[in-house]
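Spelled out, the chains give:
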Amino acid sequence: MRRVWVRGALVAALLMGPMSHAATSQEAPEAAGVPTGYRLTAWSAHAHGTVVAMVLRIPGGSGDDQKGFEGTAALLAQVLRDQAGRALGPAAGTVTATVDRGTTTFTLLALPEAWPRAAAVADSVIFEAPIDDSILDRHRRGQLARLAFESDSPGTEFEAEAARLLAAPGSAWARPIKGTSESISAVSAMTLELYRRQFYRRMQTARAIVGPRSLLPHEEVAPAPPTDSVREDTTAVGAAAPANPRKILDTTPTPAAVATPIREASPDTTPGLAWSAGSRVDEVQDVTSTWIRVAYPLSRSTSRTAAEMLAALVHDELDPTPPDPDRYGVEVRLVDVPGGTALVVDATVFPEAADRWEGKITGTVARLASGPMQTDLFGWRRRRFRTERLLDEAPPEVEAARMTGDLLDVGRPRDLAVEIWGLDADTLYQAARDLGQPRTLRFGPDLGQTHDTDQPPSPQGPSPRAETSGRM
Amino acid sequence: MPMNEAPSGAFLLMMTLLAALLLALSGLPATPLYGQSPVEGGALPGDSVSEARASLTPDTVLNPPSGPRIVMLGAEGEGVAAMRISVPLTEGPVEEGAGEVLRALALARMQGMADLVGARVSASRTPWGLSYEVEGAVADFEYLAYILRTAVAAPDTAASSLDAARHLLEEAQARTRETPDGKIAADLRAAVAPGVRPLQGGAATLPGLDAARIRQVWRRSHQASVMTLVVSSPLVPEVVLAATRGMGAPEAAAAGPLDAPAPVDRGKSQVQTLRSWYGEAFGAGPARSPVAAVTALLLADALTARSGGYETQVQLWDLPERSVLVLTGAAYPREAEGMRRAVSGTIDALRAHLDEGAVRDASARARADVLLDARTPGGLVELVGRAMEPAGDPDTASRRVAELSRVGLDDVASLLDQMRARGPVRAEVRP
Numbered sequence: 003m004r005r006v007w008v009r010g011a012l013v014a015a016l017l018m019g020p021m022s023h024a025a026t027s028q029e030a031p032e033a034a035g036v037p038t039g040y041r042l043t044a045w046s047a048h049a050h051g052t053v054v055a056m057v058l059r060i061p062g063g064s065g066d067d068q069k070g071f072e073g074t075a076a077l078l079a080q081v082l083r084d085q086a087g088r089a090l091g092p093a094a095g096t097v098t099a100t101v102d103r104g105t106t107t108f109t110l111l112a113l114p115e116a117w118p119r120a121a122a123v124a125d126s127v128i129f130e131a132p133i134d135d136s137i138l139d140r141h142r143r144g145q146l147a148r149l150a151f152e153s154d155s156p157g158t159e160f161e162a163e164a165a166r167l168l169a170a171p172g173s174a175w176a177r178p179i180k181g182t183s184e185s186i187s188a189v190s191a192m193t194l195e196l197y198r199r200q201f202y203r204r205m206q207t208a209r210a211i212v213g214p215r216s217l218l219p220h221e222e223v224a225p226a227p228p229t230d231s232v233r234e235d236t237t238a239v240g241a242a243a244p245a246n247p248r249k250i251l252d253t254t255p256t257p258a259a260v261a262t263p264i265r266e267a268s269p270d271t272t273p274g275l276a277w278s279a280g281s282r283v284d285e286v287q288d289v290t291s292t293w294i295r296v297a298y299p300l301s302r303s304t305s306r307t308a309a310e311m312l313a314a315l316v317h318d319e320l321d322p323t324p325p326d327p328d329r330y331g332v333e334v335r336l337v338d339v340p341g342g343t344a345l346v347v348d349a350t351v352f353p354e355a356a357d358r359w360e361g362k363i364t365g366t367v368a369r370l371a372s373g374p375m376q377t378d379l380f381g382w383r384r385r386r387f388r389t390e391r392l393l394d395e396a397p398p399e400v401e402a403a404r405m406t407g408d409l410l411d412v413g414r415p416r417d418l419a420v421e422i423w424g425l426d427a428d429t430l431y432q433a434a435r436d437l438g439q440p441r442t443l444r445f446g447p448d449l450g451q452t453h454d455t456d457q458p459p460s461p462q463g464p465s466p467r468a469e470t471s472g473r474m
Numbered sequence: 561m562p563m564n565e566a567p568s569g570a571f572l573l574m575m576t577l578l579a580a581l582l583l584a585l586s587g588l589p590a591t592p593l594y595g596q597s598p599v600e601g602g603a604l605p606g607d608s609v610s611e612a613r614a615s616l617t618p619d620t621v622l623n624p625p626s627g628p629r630i631v632m633l634g635a636e637g638e639g640v641a642a643m644r645i646s647v648p649l650t651e652g653p654v655e656e657g658a659g660e661v662l663r664a665l666a667l668a669r670m671q672g673m674a675d676l677v678g679a680r681v682s683a684s685r686t687p688w689g690l691s692y693e694v695e696g697a698v699a700d701f702e703y704l705a706y707i708l709r710t711a712v713a714a715p716d717t718a719a720s721s722l723d724a725a726r727h728l729l730e731e732a733q734a735r736t737r738e739t740p741d742g743k744i745a746a747d748l749r750a751a752v753a754p755g756v757r758p759l760q761g762g763a764a765t766l767p768g769l770d771a772a773r774i775r776q777v778w779r780r781s782h783q784a785s786v787m788t789l790v791v792s793s794p795l796v797p798e799v800v801l802a803a804t805r806g807m808g809a810p811e812a813a814a815a816g817p818l819d820a821p822a823p824v825d826r827g828k829s830q831v832q833t834l835r836s837w838y839g840e841a842f843g844a845g846p847a848r849s850p851v852a853a854v855t856a857l858l859l860a861d862a863l864t865a866r867s868g869g870y871e872t873q874v875q876l877w878d879l880p881e882r883s884v885l886v887l888t889g890a891a892y893p894r895e896a897e898g899m900r901r902a903v904s905g906t907i908d909a910l911r912a913h914l915d916e917g918a919v920r921d922a923s924a925r926a927r928a929d930v931l932l933d934a935r936t937p938g939g940l941v942e943l944v945g946r947a948m949e950p951a952g953d954p955d956t957a958s959r960r961v962a963e964l965s966r967v968g969l970d971d972v973a974s975l976l977d978q979m980r981a982r983g984p985v986r987a988e989v990r991p
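Protein sequence lines correspond, in order, to chains X and R.
Counting from 3, one number per residue, gives the positions in the first sequence under this note's numbering.
Counting from 561, one number per residue, gives the positions in the second sequence under this note's numbering.
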């Protein structure tokens, strides 16, 4: 069928000639005024040029907070975000910041003509501006008030326990992102400055810029060769002069550095997987729902794109439309953990349904690991997954954020459409089969359930050891 | 064609050749096809958003003889395509609410089809008609067009579908009657624009919205010749043309809306509220006034600065003939008087302290809001398509960005003075 599609499109192209917008693409000017000093920068021409998104991903997060000063990374990001916003003014652009356990991300959204100046201002504030004591004080007071409000909250308790599940005992990675009342009180401008000096380095920061094609540096634009399958696919629907404008710029003299990820694997990593032994924790809490986390370590041989599709398949199986009436919410995602990546399923369910749901989660993964999907079915799921991912990344800031993650992980941004279309049923089956033993956390009331399920056993090995603790 | 499969290559080839044949027979030059829209170029003095504005300017406008009119916005890459088709609709008095029923029926069908491929769909009733939108992978373009074709096809008026759609409408009507914010908005709208009927109709017209009437309204309104399709994709126009031919109802003799008098709505509903609600509405110039948009942001800042311990809100209503600025507040009894003073005094306070810098910032924010909304293909076709609805000019969205840039201190001061001179209409709901 594909051959016919291609032929049809060729006839159309011969009849109609090139499309106007492709013919009028401007010569890309030099990226004047854009801050320099970054080792890895990825650029992408967005579908539309109404705004420019610039994302800076700094390889330092809450896991790098000093003991006794937990919350430093989060507080620093909040303060710098506000300082950048104030320096930019309300009309020039907006800056947002997020901190996770391994990285800190700043996102700038600006109008195209204003963006070089906005990028320069944001860059200088984030890396160089002195910490504003008044802004720090305001955020510290706000954070202390939030922590007081959330103290003894079961949500906070679950979050802490769920983080510990994914790391080695005592790992700094699992420290609370928001800190504690004691640690936040101890943080000063000097603490923030020391953290910034250690982790906020342009040469270690991944930067991605997504905006109008005219912003792409002229001499660097070199379309990546599409795979055969993609060439057919895009031609089939009549795309005019398909080009992949994505490009990595390496501002250091050594071209080889382009393909070198900034974030190296930690030396204590278990080869292949983030952990080799499963575990189980039952936390008894007097709450009205049960929270379940089941986490599987992904094999390092599994590509990020395959892992993302695997997560999507697990989610679709667990949370179809209409949803299971016993569930409040289901989330499936990839989490970068010390030593690798984990496929994490979080479900909030009626306590009475907790056993069934735990079995449903492990059973779903076991089914995906039991054999490759039928080709037709896989093709349909892949098509759906591709659309969902493309729609998720339609906002330029979302695409840019993902690209910075790619830069840190593999040294280059992925071409998602190409990579997704390159997946096959065997790859997904292999990804599921290569999952390691799960770590499970159950957090909820004790209804005397046995954790026996009517689902097939996990292919990832025997039942993990169980630990139970209680707090009523 | 099975719903979960891409259309066959043979189908595409046939439709493409058909489109080419139509072009040749039309006697018009091949490029531009059916006439190309004028492209407004060049930055305005002091306008720093010329490049962003260009993204809102259509590349190509096609006017095929049998419709729909196609407005194309070029896009980079092979990622996401978005389409929005708008259908003008004027309801007669006894048909009020029919558009809402058509919207609900279409959305239910679109949603089921979109879920199969992960696409996103929406349907809206606007003051000018109905719009249907779909967003998905460029590679699924044919299927996305098929979803839109289904959206504008004859409604499924089987009892179960129609009952569900009417039930949704009934709930929406009840919310207007029974919630304080709905009641305030309805009362203000009736007072400031008495000729503008509510899009959701009233309880009295609901029983008359049966299958026959719904199909009658559809047949009258959903004709391809009056539809406008806004497309964001990297595809050549011929492919779009081929994929969208034959949409809508068969051509029929022109007929207007039923002009029989509407049944009188005698139903009374009691609003239950613990707080006092108060609102003021002001006529604020012509429809889609850029000065009103900037003034709304300034009023929101001013009202927030004057508020404390209660909820306040500023809204800008785009009615068919005019813009309306609405200030509302809700407060528990102890704060009710203060809330009322804040709402009533905000325009005077803003006028007294209006300055050039604040207007410039608000103008830039209003402009940035428009461009941010348009940063995705779906947002772009929504913005351009919606802006076109009143007059059909494809450059309206682009021009609006330029107009927002030009709003200055004198414009805002003049509008505020007019609003103060004419005074507001008021509405109130007490516990």
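Among the clues, some could well be false.
[To be verified] The calculated label-pair distances, taken between Cβ atoms and stated as ranges, are:
(1) R/D915 - X/A131: 46 to 52 angstroms
(2) X/V412 - R/D915: 49 to 55 angstroms
(3) R/Q830 - X/A150: 39 to 45 angstroms
(4) R/D675 - X/D328: 18 to 24 angstroms
(5) R/H727 - X/D139: 21 to 27 angstroms
(6) X/P322 - R/P880: 38 to 44 angstroms
[Claimed, not checked] Not everything, but these chain X residues come out facing chain R in the computed CB check (under 8 angstroms):
(7) H48
(8) G51
(9) R88
(10) P327
(11) G331
(12) R385
(13) F387
(14) T389
(15) A396
(16) R416
[Unchecked claim] Some chain R residues well away from chain X (every beta-carbon gap over 10 angstroms; in silico):
(17) N623
(18) A699
(19) G755
(20) A771
(21) Y892
(22) E897
(23) D915
(24) A928
(25) A962
(26) D977
Everything labelled a hint here was simulated from the structure, so no lab data went into it.
For clarity, every value in this text was computed on a predicted model and none was experimentally measured.
Ideal Cβ positions, reconstructed from N, Cα and C, are used throughout, including at glycine.
For the hint on X/G331, does the least C-beta distance to chain R fall short of 8 angstroms? violated, 19 angstroms
Hint validity - X/R88 Cβ closer than 8 angstroms to any chain R Cβ: Since chain R brings no Cβ nearer than about 13 angstroms to X/R88, farther than 8 angstroms, the hint is violated.
According to the definition I'm using, a residue is off the interface if its beta carbon is farther than 10 angstroms from all beta carbons of the partner; does R/A962 meet that for chain X? R/A962 clear of chain X: closest Cβ-Cβ about 13 angstroms, beyond 10 angstroms.
Tell me if X/R416 is really an interface residue toward chain R, meaning its C-beta lies closer than 8 angstroms to one of theirs. violated, 13 angstroms
The output says R/D977 does not contact chain X. Does that hold with a beta carbon cutoff of 10 angstroms? Holds, because the least Cβ-Cβ distance between R/D977 and chain X comes to about 25 angstroms, which exceeds 10 angstroms.
Does the interface hint hold: is X/R385 within less than 8 angstroms of chain R, judged Cβ to Cβ? Status holds, d = 6 angstroms.
With 39 to 45 angstroms as the target window, see if R/Q830 and X/A150 comply at their CB atoms. Holds, since R/Q830 and X/A150 (Cβ atoms, about 42 angstroms apart) stay within the stated range.
Mind checking the hinted window 18 to 24 angstroms against the Cβ distance between R/D675 and X/D328? holds, 22 angstroms
Does the beta carbon distance between X/V412 and R/D915 stay inside 49 to 55 angstroms, or does it fall outside? holds, 52 angstroms
Would you check whether the claim that R/E897 is not at the interface survives, using Cβ distances to chain X and the 10 angstroms cut-off? holds, 30 angstroms
Chain R contact restraint for X/G51 - C-beta distance below 8 angstroms: holds, 5 angstroms
Chain X versus R/D915 - minimum CB to CB distance exceeding 10 angstroms, so not interface: holds, 14 angstroms
When held up to the earlier numbered hints, the structure conflicts with 1, 5, 9, 10, 11, 16, 18 and 24 and fits the remainder.
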